[in-house]
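Chains as they are written, first to last, in my numbering: chain A, 1 to 188; chain B, 189 to 263.
No lab work stands behind these hints: they were computed from the structure. No experiment lies behind these values; they were computed from the predicted model shown. Glycine included, each C-beta is placed from N, C-alpha and C at the ideal position. Just to be clear, a hint being listed does not mean it is correct.
[Unchecked claim] Footprint (simulated), chain A over chain B, 3 or more residues, beta carbon under 8 angstroms: (1) 190 to 197; (2) 223 to 230; (3) 233 to 242.
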Amino acid sequence: MAATGPASTAARVVSPFNPANAVTASRFLCLPPFVWAVDNGYHQWATLFMFICGILDKLDGAVAKLFDCRSAFGEVFDAITDGVCYGFGMIVLVAYGWAPVIPAVIVVGLGIVNSVFRFIYAKRAGKTVNYKSYAMERVVGFVAFMIGFATGPMETHFYYYYFLPIFVLSIVYDAKRMLIDPVPGAPG
Amino acid sequence: MIELVSPITFKWIMSILTALASTWALYDVVHLTRLVRNHAPTSDPLVRDKYFGYAMGIAIGLLGYAGILRYHDVL
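Okay, chain A solo, but in the shape it has when bound (with noise of 0.2 angstroms):
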């Protein structure tokens, strides 16, 4: 039965030093062994560190649920760790040429852009928020694929420019939904 009264109905203050917000931050210990995988030409080991990467991704959320230490901070810094682990691998797979320049620049530009617009979006509502789109979920995790199919090397030619038109839609999309739809449960 839900408990009632002052105490109940007061928005709960979670440190940003909780088990969720470490595990999301330990996605960044992925990055340097990857580097160092791709720099040897090891591509298996630079597939296995970046499928931790994104294992991690998905425990995140479990272990916020386990822990009760949801926040809009850790939805925040959650997103914000998604664009750098994947936007500095595919970074460095095309500085290596495992990936082509072209629809992974478009990729990671976009994602800065999309970026940018959840900020935007984030001061139209008036408080720290992340943006939530179902598009932009599935997107991001093909995203985390892409990287395995340029460390594997999988079709990596065909997933990335077949991919382009779905990304660039869903970023319009979202664009739109983000800056000019009215922000949802706020006034007017």
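Knowing the structure of chain A, use the given hints to seat chain B on it.
What follows is chain B alone, placed relative to chain A:
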């Protein structure tokens, strides 16, 4: 330092992981079908986002499967 598994095993690991992830498209097909059947209002931005998101999920899933078929010289 050597690689973890043989190239053929790695090829199959990559294929299976991609196939498992692409199967997510079925989940999106079910949810999109449910939205269409229930005539969910597209005037609601959150519902519209679901329509769009599920459609993109299906497209991504199909792309995943197409890549696997190409990887194994089927397509």
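Tested hints:
no., hint, in the structure
1, 190 to 197, "holds (count 3)"
2, 223 to 230, "violated (count 0)"
3, 233 to 242, "holds (count 7)"
In the structure shown, a violation is registered for the earlier hint numbered 2 alone.
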